[in-house]
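Here's the letter readout for the chains.
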Amino acid sequence: VSTRPSETLRRLERLLVVVPWLLEHPGADVAEVGERLGVPAEDLLADLDLLGYCGLPGYGGGDLIEVSIVGTAVTLRMADYFRRPLRLSLREAVTLLLAARALSGVEGLADSAALDRAAGRLEQALGAETGTPGMAVELGGPGAEHLGVLRAAVADRRVVRIVHRAEATGAITERAVEPWSLTAAAGEWYLQGWCRTAGGPRDFRVDRIRELEVTAEQAGAPATAPPPPRYRPEPDDPEIVLDCDPEAWWVAEWAVVDDVEERRGGIRRIRLRAHHLDWAARLVLRLDGHATVVAPAELAPRVAELAEAALVRYPPAS
Amino acid sequence: VEDAVDVDAVVPSGPAGAPASATVDAAPDVAWQVARVARGEGVSLDDGWTRFTVPVGDPDAFVAWALGWGPDLAVAEPADLAERVASALRRAAARA
Chain A
1 VSTRPSETLR RLERLLVVVP WLLEHPGADV AEVGERLGVP AEDLLADLDL LGYCGLPGYG
61 GGDLIEVSIV GTAVTLRMAD YFRRPLRLSL REAVTLLLAA RALSGVEGLA DSAALDRAAG
121 RLEQALGAET GTPGMAVELG GPGAEHLGVL RAAVADRRVV RIVHRAEATG AITERAVEPW
181 SLTAAAGEWY LQGWCRTAGG PRDFRVDRIR ELEVTAEQAG APATAPPPPR YRPEPDDPEI
241 VLDCDPEAWW VAEWAVVDDV EERRGGIRRI RLRAHHLDWA ARLVLRLDGH ATVVAPAELA
301 PRVAELAEAA LVRYPPAS
Chain B
1 VEDAVDVDAV VPSGPAGAPA SATVDAAPDV AWQVARVARG EGVSLDDGWT RFTVPVGDPD
61 AFVAWALGWG PDLAVAEPAD LAERVASALR RAAARA
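Chains as they are written, first to last, in the numbering used here: chain A, 1 to 318; chain B, 1 to 96.
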């Protein structure tokens, strides 16, 4: 993060133009490309070098964009996944659309026609009428008040003390965390770092941080870049199997699921895993009868138990 | 960008007759989280729970939201939304 934002944006803008052009003109001459785009050859080479690190997580052979320069002739080869038809989940499509809208509002990104076209197509695919006015993106939300403080703590590598509530268990813990990064994923902000209390790398959703204190202590840098925050099933996590009617199909788009099987009568059998049974029990409660528990055996009784406990605060049925 | 606009004052409440807000009671462990979506400060109850006023857009979404808290949140007002949540809980309790 040594470049100033305006330089980063100029570079991004350049790449948005360079990549499609190079794909259509394999073997183009470096100097010629630079001349066409008004970019010094050395800047262009730096951009192409950066492209070699672009791709989808996995970062193995075949996952990255390949740049080959023979003499002065440049050829781009997109990684194999670009050839597969793209199938976005509703959540991914909306996330992408909002990101595109937020980005096109960034000052200094002058020629974002390509971005606008892509956003327009996404909107159409999502069923919006073309030219729908007034989609606005406000970057904020619950927990946003912590972002500024955390960003500074990450930059200075200051150890932070947080009081955090785990979604799955509802457990509230106080932890000391060496902050590595602040990352947005699937619409939420996460603090990633080394949790000294747990003795391992952890992701904390920022909107679940109740108290935050930045200490004077400085921590070291992470050994490797942390992976993107996302629920990562572990071998011991119980498999949850739910038969969902159309009202509950959204679960497959919202959670990380192992498998979705179409069954008769508009039922989809969704398999997913969770660290904690109570997380699944609350999900089933929320689905209000639109999902039937198939497995594990202890889940249905747990749902009933939570419901009983919740009913204590309501008057008895008349 | 225009001056800040109070969305609640401009956007009409949900479908005809739907209430624009509800009163909910939150358990001590989750009160601070509910406070983030609530309007104004909460009021402490005798048993340590906190009473909040929260906006209601779509009543169905509100009922699902309330159910997802399990035993940590209860809807006090309005009566029809409280009854919707309670009857969903009764059905869930009976399904075991």
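Simulated from the structure, these hints should not be mistaken for laboratory data.
Please note: incorrect hints may appear among the correct ones.
To give a feel for the contact side, a few chain B residues facing chain A, derived at Cβ under 8 Å [to be verified]: (1) W32; (2) Q33; (3) V34; (4) A38; (5) R39; (6) G40; (7) L89; (8) A92; (9) A93.
We put the CB at the ideal spot given by N, CA and C, even for glycine.
Now for the hints, and whether the structure bears them out:
1. A hinted interface residue such as W32(B) counts as satisfied when its beta carbon comes closer than 8 Å to some beta carbon of chain A; here the least separation is about 5 Å, so the hint holds.
2. At its closest, the beta carbon of Q33(B) sits 7 Å from a beta carbon of chain A; the interface hint therefore holds under the 8 Å criterion.
3. Interface hint status for V34(B): violated, as the beta-carbon distance to the closest one in chain A is roughly 10 Å, over 8 Å.
4. For A38(B), the suggested interface contact is broken, since its CB lies about 11 Å from the closest CB of chain A, more than 8 Å.
5. Taken as an interface hint, R39(B) does not check out: its beta carbon lies about 14 Å from the nearest beta carbon of chain A, beyond 8 Å.
6. The criterion of a C-beta within 8 Å of any C-beta in chain A is not met by G40(B), whose closest approach is roughly 16 Å, and the hint is violated.
7. At about 4 Å, the closest approach between the beta carbon of L89(B) and any beta carbon in chain A falls short of 8 Å, and the interface hint on this residue holds.
8. With 8 Å as the threshold, the beta carbon of A92(B) comes within range of chain A, its nearest partner Cβ sitting at about 4 Å, so the hint holds.
9. Contact between A93(B) and chain A, as hinted, is supported at the beta carbon level, the nearest pair being about 4 Å apart and thus within 8 Å.
Violation of the numbered hints given earlier is confined to hints 3, 4, 5 and 6; the remaining hints are satisfied by the structure.
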